[in-house]
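Following the hints, put chain R in place on chain Z, whose structure we already have.
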Amino acid sequence: MKYFPRRSQTILCFFVLTFVFNSITVKSLETLPVFRLLHSEQVSSSTGKTFIRGTTSASVPSSQTKAYFECAEYLKKTPKTLTNLDQDTDIENETEEEIPHNEQEEFVKCFKGAVAVFPLFSLLEFDISALSEGGSCKGILIVLPRDLLTTKAKEFVTFQNEEGRESKEEIIKKLGEIESILVEKEFRVPIYFVHEDEVSHLFSFDNLNPNKKGSYNLKIVGKPGNKKKIKQVSSLEAWLPTDLDEEGKLKPTIVLTANYDTFSVSPALSSGLESGNNAVGVLVELSRLFTKLYNNPQTKGQYNLLFVLNGGSKQNYLGTKKWISSVDRKVLESVELVLCLDSLSIYDDDLENELTDDLFLHYSTGGKIEIGKTVPTEFQSISKLFGINTQIVTKKIMKNNPLISFEHEIFYRKKLKAITVSNFKSYNQTIRKGSLLDLQSGSNPTARPMKTVTTLIAEFLSKMIYKQQQQQQQITIFENNFEPNNLVIESINKMLLKYNRFSPFLEKDDQLLLNLENTFKSFGLDTKIESKKISLKKETFYYTGTQGKLTIFQVKSLLFEFFVFIMSLVYLAVLYYFLNGKEKTIQEIKQLIHNRKKNN
Amino acid sequence: MSFFYLFAVLAVLLVVPFIYFRISTKGQSKKKTSILYGVVAYLLTTLLKMILMATFLPDSDQEEADFTAQFEPVSAIITIVVSSLDALGCFLALRACSGHSEIRIFGVSFAWSSAESILSFFFVSWIGCLKPEFNWVYMQNALGSNINLLKQIAFTHIIWVLWKGKFQNPDKRNIFIWLSAFFITPELFKLSEVLLSKFFIFGWVLLVLKFAVAYGLFITSKKIYQSFEQLNNNKKKN
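Chains as they are written, first to last, in the numbering used here: chain Z, 1378 to 1977; chain R, 475 to 712.
Okay, chain R solo, but in the shape it has when bound:
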């Protein structure tokens, strides 16, 4: 493959989050601090997750996507607890930075997903795109990272709402938000990938379906956030 393909992949991987962030936070200040906290939070959270997984997760020969394998409760609990550290990291980053709520949400989610993209796909794509064999997987990874950005924004919205609405009257809607924040959002994504691979759906079709799931989460979380913001504004007026 040539440099054209490399530039195409890197453009999709790096430029798209930047475009989204720039447009979403136009005219706002204190963007850099939120980005910085987001990156630091992601790096520390990932490091902690790796240490905990390596320390506590027992060795298993079973594949992740193998549902016919025996269910191991200890491994499942450890995986869920470790996954929930993402929510904690996000929450701490949101708390540390200052500024308008949208700046903080978009800044942290942009930084988080960009850091994830660079560490997961950037170097792999750089080496892979210059190999003689053409492979769509690098472009698919780059588009997948764009979809992860949507997912991350949804996730961060929910964390925000959960944090700010913490001392509100707990009701069924808050419990749903709680569940989706800690379990459903990250796990749903992984689950959807696993289920789709069970039906032998890979490549571009999987990408389209992932986008549909991510977009659904994004819309839902945005609606929840908007309704929460409206509620808050009404309370302030009163």
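Extracted from the complex, chain Z is given alone in its bound form:
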């Protein structure tokens, strides 16, 4: 070290020490899109300050995500391990205990002054309504996996019961209950949703340990929410007529309906298809096929076809009700059958009960009109040809009950024969009601090709339209050139996935409806978009400002920064000492003290 004088050795050591005591590489600013909970409104907090629930204008202060992870580790243990078990305890006598209430309180205390960051499935282990008062917690950030109903999500859940891992159906049901709590209960804290793949490099939930240690500051910027009433709901009609009869009157009409809107606890995340919107692609493809047939005079059918896309389905089928009350009386009188298309695909092969390979054909009874057994039986027999089992579900209409389970009930109440084809057996299944779980990011490889269902429905319609006699050998029309094109269906689905289709926020001139209208027009159909004004007895308000930008900062505590300041002063002092030399520095200090004493 001949060329490194002693003073410089110390400076070198100081650099090395600086490097050693903090080896953290800092993550730069991350700005991510977040989605706000539905029904945010201005409320007063317990401290007397007013803030907008689900606020986008206030900054959420420093979060202590480390606190969350510690508590989550604590709660990760099953109820059995929380209690002290003797080794001699008979396993059969072990009883499951719920997490005691005081431990729940302990958990809530973990989030004091912090933002609670939850992966969606961890909400199964924790009652989120405990944070609704919001006194301690500053905000809730729920992290959503992209493909929620895949096996990855299944592995994530750690909750166990006596029989072993819970079935997916039970998990979906529980998550549905949690979503109901989120919508119905009043939360005094802002609740936001963010996609997992955008935060995974900051918060890793695989082993519930953060990638980067330290504190994070979460800030959300966006427009404040405004109150909004549902003013109008839009319907899109596409008319494929046949020739008039000899008397110049309209021939019978078959109406095919589907719904383009959906629902989610976060309006900005209402883009899924599983709640019933995957039928839109099927309907569009059917319109294309039948237009092709009707363009040829030899294959022109004896029925008019009316394709209708309605909104407001999650608001008790408001769109359909408005449409039927405003449709042309002549057309209404000519309607022979209404075929309502609900959700038509399956999501995952290994699901039980929630979604199956079967299709369900729903129709109502107990009214003045009876659909008879011909139509359902015909549908059943045709579906068997395609390897699909169709179950018939009938329900007696309850006139006093305003709740509409399936769309056909609205037409049935207007004395029209109507059936609904769906892969849901019950109207109140979680995904059908509209859920965060309905977040398709792309095509599902395990799903039944929509082409099969489209062909089935097309063949069923063609039997009616062309009045084919029952023959031993069934004649199929929709094959080869007339085979349904899966690409058309997929492209419509992809288009739907791009839009947030929460009905109250859709306008008359929404790009989605215009695109669908253009699609029908390109096939050569007469189309029109009708918007009906709505005035409800009980007004429902929604709040805009459903999206924001979340910025995550990695922060250090004030104490740490003070420490850095002190260290920098030490660095200056050490540098001065070694550049000046020991003797000179001591001399200067002595002189300084001497001068001060003299002045005093």
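With a straight-line cut-off of 25 angstroms between C-alpha atoms, the simulated BS3-like cross-links for lysine-lysine are:
1. Lys1840/Z with Lys1628/Z
2. Lys1961/Z with Lys696/R
3. Lys605/R with Lys1926/Z
4. Lys638/R with Lys710/R
5. Lys1959/Z with Lys696/R
6. Lys684/R with Lys696/R
7. Lys500/R with Lys1967/Z
8. Lys1961/Z with Lys506/R
9. Lys1810/Z with Lys1608/Z
Don't read these hints as lab results, they were simulated from the structure.
Coordinates of chain R only, in the frame set by chain Z:
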């Protein structure tokens, strides 16, 4: 971040050069003129470099550190010529000011590196340190500017020796000094940063290695200067 961090960064950025200058030029006069000439020289040199680069350097999509990219001789020559303006600026500043050699060298190098630090890092650090996110890069920049001071002192020593020894017998040692003054010293620094980033060395490790390079240059230049001064003194005695 808070004001503590801001004060820490500014202290390291501004106070360290001042300490070094004060100690190195203690008891000497005519410090202010050398500082003034150093600052003016830096500002004019930087302005001229920017104008020349903007005028003559062709647009390129390639990154500076991309060695796999195609070598463009015109851009390389222009960059080297423009970089050598630093030496010219330094030389003119040394020539303009008066006083003892050490005053001139330390004054010009202190002024040059301080002006560079203030214009490059001061305002950026002022704004950045008060942001909510903590970032070590501002402290790293401040320590980097201290290392640049060492480099600048080395560079100025070499310019001095080259100037004063200009009419001495040219030999291999002078050629080495010539090369290091105009090409190696500034380019070596940039090259070392580029090479280290190729090996994904950033942050504190890069700082330590930069310090090692700067210190090596500083020691070498000081030895050259001291041996030159000794030679001059011997000649005067004779």
